[in-house]
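As given, the protein sequences belong to chains A and B, one line each in that order. Take 0 as the starting number for the first sequence in numbering that gives the first Met the number 0 and just add one per residue. Take 0 as the starting number for the second sequence in numbering that gives the first Met the number 0 and just add one per residue.
Please keep in mind that the hints were generated in silico from the structure rather than gathered at the bench. Watch out, some of these pointers could steer you wrong.
[As the list claims (entries may be wrong)] Quick partial rundown of chain A residues pointing at chain B, CB under 7 Å, derived from the structure: (1) Glu36; (2) Gln109; (3) Leu155.
[Claimed, not checked] Label-pair restraints from in silico Cβ distances: (4) A/Glu122 <-> B/His27: 30 to 36 Å; (5) A/Arg113 <-> B/Ala61: 20 to 26 Å; (6) B/His254 <-> A/Arg68: 30 to 36 Å; (7) A/Pro16 <-> B/Ala61: 17 to 23 Å; (8) B/Ala34 <-> A/Glu117: 30 to 36 Å.
Note that beta-carbon positions come from the ideal geometry of N, C-alpha and C, so glycine has one too.
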Amino acid sequence: MRLNLDERGRFEHATLPHLDAAYNLARWLTRDDHAAEDVVQEAYFRAAKFFAGFRGGDGRTWLLAVVRRAAYDWLAKRRAWAAASFDEAVHDRGDDASNPESLVIRKADQQLLRQALEELSPEFREVTVLRELEGLSYQQIAAVVGVPVGTVMSRLSRARKQLRQRLAPCPGREE
Amino acid sequence: MDCRDVQNLLHPYSDGELDLVRHLQIEHHLAECAACAEHQLGLRRLREALASAPLYHHAPDALRARLAADLRSAPATPSRRGRRRPRALLWATAAGIGLVAAAAVTTGALLSRASTSAETKLVEQVVAGHVRSLQADHLTDVASSDRHTVKPWFRGKLDYSPQVPDLAGEGYPLSGGRLDYLADRPVAALVYHRRLHAINVFTWPAPDADETPVRALARQGFHVCYWQRAGMAYWVISDLNAQELDEFAGLLRQHSAAPPP
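Only chain A is shown next, with the shape it has when bound in the complex:
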């Protein structure tokens, strides 16, 4: 990391407090422990490199945007290297989600919830993680993802709709 002592202090101050947020996003996007660590490490390297361009402000949003980019690069690389072998098949879900009675999501077990979230496509997964787990505002999510606020809103709506359908499919209720 190409920083002088002064910058290093600023960099640590701006980014290390957000390590959990960085790892959480990387882990949800890659769905893999090792890959998440690699992505975070790579993101910190990149962040250090481009730190001169960081003009203060929301360190978390800035760092998460770098993490997100690194995670997508990892996903693209993995697609290029490994064939289809280790993707959706691993995360195939069973039929246990299709209980029409369970309108109440509170009863859905946590494993099912985790699985449903993992199965969302990355662009739906990331807005959900940033909103529900990280508590970011639409504006902050827009900055991380690099899309307009309106897009964040519609992706979030659709992501939640899909989650509800996966957790408690109820024909004719949600469309």
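Chain A is fixed; fit chain B onto it per the hints.
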């Protein structure tokens, strides 16, 4: 505002992203419309479930420690390659002299003890070379995953021809090669990757014919393996975990058994 409008705005409503006027309009509508209220309830339950389930992945302590170590161990001065070079050359020369001296006095194995100053210096050089290659955006001079492109590239640049094994099948694809300067001489640096980790392999003719087993050590958050075989010295460094780097070293050692031409 009809049910359709309300249901479109339920998400920003639930996220507290609406202006006060529209927020109140929706609140009012929900109090009167059972269908919309049920939608709202479903949404609230989903969000409660997401908030209460242990879905948050916290960063492992090891990662935290490694990042902090990376930051501390990074060269403290921002410098361009050109400015750093002379210091590296100076180091290289000093280490080269030490290396010859060490080789002269040790019998059996080169760099037999971790405490020899020559080895320490060479380790420093290897680490510096690795960090430099990552920092200066100059990982490779010849970027290719094809060993038949990389190997000939060194011709005319070095007075030896390095072995360039193809380890892509084992999950360590080749990314390219470049010239570096270590142990008082230009050396071949081969670059492999494991996921996002770059692995630098420095190799040059060994000063003696001794064969040494793979030795491993860790410096500044990097793992280093080195050995000597078939008249060549090999130094491998990466921020990859020790286990996988050991595996890589084993594969490389196995695949580079043939003596250099």
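May I ask you to test the hint 20 to 26 Å on the CB atoms belonging to A/Arg113 and B/Ala61? Distance hint for A/Arg113, B/Ala61 holds at roughly 23 Å.
Whether the CB-CB distance between A/Glu122 and B/His27 falls inside 30 to 36 Å: Roughly 34 Å apart at Cβ, these two residues keep to the hinted range, so it holds.
Is the shortest C-beta separation between A/Glu36 and chain B less than 7 Å? holds, 5 Å
Given a hinted range of 30 to 36 Å, is it respected by the beta-carbon distance of B/His254 and A/Arg68? holds, 34 Å
Cut-off 7 Å, beta-carbon criterion: hint that A/Leu155 touches chain B: At about 6 Å, which falls below the 7 Å cut-off, the nearest Cβ of chain B leaves the hint on A/Leu155 intact, so it holds.
Minimum beta-carbon distance criterion (7 Å), A/Gln109 to chain B: Holds. Min distance 4 Å.
Given a hint of 30 to 36 Å, does the C-beta separation of B/Ala34 and A/Glu117 actually sit inside it? holds, 31 Å
Quick one: are A/Pro16 and B/Ala61 within 17 to 23 Å, going by C-beta? Taking Cβ atoms as reference, A/Pro16 and B/Ala61 lie about 18 Å apart, which means the hint holds.
Checked against the numbered hints above, the structure breaks none of them.
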